[in-house]
Amino acid sequence: MTLATTSGPFTHKANSVQKVMTTVLLALLPATAFDIYLFGWPALFLFIVTIASCVAVEAVCVSYADRPAKVSLSDNSAVLTGWLMAASLPPWSPWWIGLLGAIFAIALAKHAFGGLGQNVFNPAMVGRTVLLVSFPVIMTSWVLPHPLFSAGAPSFADAIAITFGGHMPDTVSAASALGYVKTELSRGIPVTQSMAQVAQVPDLMDMALGYRAGSMGETSAILILFGGLFLLYKRIISWHIPVGVMATLFLMGTIFHLVDPARFTTGQFHLMSGATFLGAFFIATDYVTSPVSKTGQLIFAAGVGLLAWLIRTFAGYPEGMAFAVLLMNGLTPIIDQYTRPRVFGRSRTGEPLPLTKEKP
Amino acid sequence: MGGAAFPSAVKLTLGTQKKLDTLLLNGAECEPYLTCDDRLMREYADEVIDGARIMAHALGAPRVLIAIEQNKPDAIAIMTKAAASIAAVEVVSVPVQYPMGSERHLVQAVTGRETPARKLTADLGVVVHNVATARAVHHAVRFGRPLISRIVTVSGGAIRDPNNVEVAIGTKVSDLVEFCGGFSVRPERLVNGGPMMGQPLPSLDVPVVKGMSGILGLTADEINDSPTNPCIRCGTCVTICPCGLSPVDMSSFIRKDNLESAAKLGVMDCVSCGSCSWVCPSHIPLVHYFNYAKGMLNDLDREKRKNDRVKTLVEAHMIRIEKAAEAKKAALAAKKSATAASPAATEPHPASPAPTAEEKVNA
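Each protein sequence line maps, in turn, to chains Z and L.
Using our numbering, the letters of the first sequence map in sequence onto residues 3 to 362.
Using our numbering, the letters of the second sequence map in sequence onto residues 28 to 390.
Just chain Z, same shape as in the assembly:
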């Protein structure tokens, strides 16, 4: 007779890490499929290269750490990291951008810290940021959409040349909306005017749909929003982080736009442009690198929104989502420390509650 020494519970919710990750992938699928359609074969190639590299690097790291590779790979976390990173890259980047990004994201940001669950910083954003700082030209070579099978779209052979041969056509690059406004501002042209330009060329609706220059993940804001709502519906994420990020960004944008319309863009513009939705719903909500308590998540989200606005408005880079998320990632442990929930029957400081008389 063997004595079982396990504690209860003897039943579990039908949930697993793999299920969580797969649901997130599913939520990203429509937006990604649409973006691949928009940017054509090169985008698809880059997408595949990035994810494959992430999975390969994960396998190498895990087997180097003497852990069963099959278990680690089956949770799909490496696929998700690759997916998110690919979504934040310029779609016509060369193949080695994806590979390098994968090495930085998976090996440096994730496994150097101890693998899944141990990393302080969001791997996908570390990958993207390192690439952006190291290869600023490539990483800001946005192209206008060239939908698959449309007249101007690169053929399969052209695409191979773009992704694997490094033949970036000179004529197609275009500024993203945020970048355009920023450049114009630096030339002394007020935001009101450049925004009017942006609003004319791709109007706000087009911007929302994704018919504009940008990374794969930032263009189709509406589909990303749908994906985010799907995650909320599935209860993979709660409203705290996305709403917190977007509300802060919108508020900062609106308030400062009212103060000086010539210098500051509007709240709506901040919401609809750049990687706001991707960042708010998919990047900042990363379990591992965001606080665990709801209060902590709200503080974290407000910080992301504020920093993103500050970087977009005052710093050298037109888009600040990645930096903002990374900076707040660094603060997550300390936020967690100070936002622990109150223990039942105890005060915030951990002392037993005073014995109160019955409430009248």
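Think of the hints as simulated: they come from the structure by calculation, not from any bench.
Wrong hints could be hidden among the right ones.
What the hints assert, rightly or not - Below, a list of computed lysine-lysine pairs in the BS3-like style, where the Cα atoms sit at most 30 Å apart:
| hint | chain 1 | residue 1 | chain 2 | residue 2 |
| --- | --- | --- | --- | --- |
| 1 | L | Lys38 | L | Lys237 |
| 2 | L | Lys333 | L | Lys321 |
| 3 | Z | Lys296 | L | Lys283 |
| 4 | L | Lys237 | L | Lys199 |
| 5 | L | Lys321 | Z | Lys15 |
| 6 | L | Lys146 | L | Lys291 |
| 7 | L | Lys283 | Z | Lys15 |
| 8 | L | Lys283 | L | Lys356 |
| 9 | L | Lys338 | L | Lys356 |
| 10 | Z | Lys15 | Z | Lys296 |
| 11 | L | Lys291 | Z | Lys296 |
| 12 | Z | Lys72 | Z | Lys296 |
| 13 | L | Lys321 | L | Lys283 |
| 14 | Z | Lys21 | L | Lys283 |
| 15 | L | Lys45 | L | Lys321 |
| 16 | Z | Lys72 | L | Lys283 |
| 17 | L | Lys146 | Z | Lys296 |
| 18 | L | Lys331 | Z | Lys296 |
| 19 | L | Lys338 | L | Lys321 |
| 20 | Z | Lys296 | Z | Lys21 |
| 21 | L | Lys237 | L | Lys291 |
| 22 | L | Lys331 | L | Lys146 |
| 23 | Z | Lys72 | Z | Lys236 |
| 24 | L | Lys291 | L | Lys333 |
On the provided structure of chain Z, position chain L as indicated by the hints.
Below, chain L alone, put in the same frame as chain Z:
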């Protein structure tokens, strides 16, 4: 007769120490699967209410509240009807949310008051008893019948004919299972009690005991266990914990055997309800960690108390020895001064060498 099987007699004497205003009968089932209390209230409502009134009298509590979860409309209806004629007894419905059967959480749901840590609900004037206890009291006081039987829920996916059975205490569990049609499939795990906080049963060759609210034969599908994955810090355990603890942080401290830090985060306030383990997407056996930590911390605490006791004893001993030595010294000094002060009186006796020898010893 609830899940924890705390001795009722102890809880019934609380009236002599504290001023009580309410006897709260716990008709919220302790755990999923278990329906023995539900059945009991539907079949023996009058006996339960009679027992409750006897208990309230013993406690000196003027009011009896019977808390029943909202998913038991039949029990609520029957109990409300049975209690209608008695002004002091009232049936209240509580939300269906595990662990509603937990004493402190039930008191909070019913009265809105939170029991302070390290205090009893009796400090709020509320004593909680199980509905089955009330029926047992009715039997004991009215008929002098001791506790010789109880209602046991026999359930789980592996049981062919799940049922609530009133059985004599001491009945073999195997007979009980046989009575419920035996197993339809091989059970992956046998549990004494509920699926969340019950104990694993090593075999069926054990008797039914007083606290045995259920016998479960669970299938692999119901257990839904899978290998433990790394924590992904999703924070669901923090959101779900009914005690406001942070299982994610406590478990990582305990894994490093840093029990002190885990204790600071309140691991001793954990009620082992199992909610965190149930929701964990990584299937980390969190409750297992906490039970281990609680056991170790209790051990350390006992050890410390023992050492402290020994220390105080040793200190007292040292003080006694010192005092004795001092007294001896003082006596000697007195004697010496007496001899020194009265040489005139005792001139015929010159100072003997003996004191010097004694002084040497003392030095």
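Hint check:
1. Lys38/L / Lys237/L: holds (16 Å)
2. Lys333/L / Lys321/L: Holds, because 18 Å separates the two Cα atoms, which is no more than 30 Å.
3. Lys296/Z / Lys283/L: holds (26 Å)
4. Lys237/L / Lys199/L: Holds: Lys237/L and Lys199/L sit about 13 Å apart, inside 30 Å.
5. Lys321/L / Lys15/Z: Within the cut-off at roughly 25 Å; holds.
6. Lys146/L / Lys291/L: holds (18 Å)
7. Lys283/L / Lys15/Z: Holds, at roughly 27 Å.
8. Lys283/L / Lys356/L: violated (55 Å)
9. Lys338/L / Lys356/L: holds (26 Å)
10. Lys15/Z / Lys296/Z: holds (21 Å)
11. Lys291/L / Lys296/Z: It holds: about 21 Å lies between the C-alpha atoms, which stays within 30 Å.
12. Lys72/Z / Lys296/Z: violated (33 Å)
13. Lys321/L / Lys283/L: The hint holds at about 15 Å.
14. Lys21/Z / Lys283/L: holds (28 Å)
15. Lys45/L / Lys321/L: holds (29 Å)
16. Lys72/Z / Lys283/L: holds (26 Å)
17. Lys146/L / Lys296/Z: Holds, because 28 Å separates the two Cα atoms, which is no more than 30 Å.
18. Lys331/L / Lys296/Z: violated (38 Å)
19. Lys338/L / Lys321/L: holds (25 Å)
20. Lys296/Z / Lys21/Z: Given that 30 Å is the threshold and the Cα spacing comes to 22 Å, the pair holds.
21. Lys237/L / Lys291/L: It is violated: about 36 Å lies between the C-alpha atoms, which goes past 30 Å.
22. Lys331/L / Lys146/L: holds (23 Å)
23. Lys72/Z / Lys236/Z: holds (27 Å)
24. Lys291/L / Lys333/L: Cα-Cα ~22 Å, so holds.
Consistency note: the structure conflicts with the earlier hints numbered 8, 12, 18 and 21.
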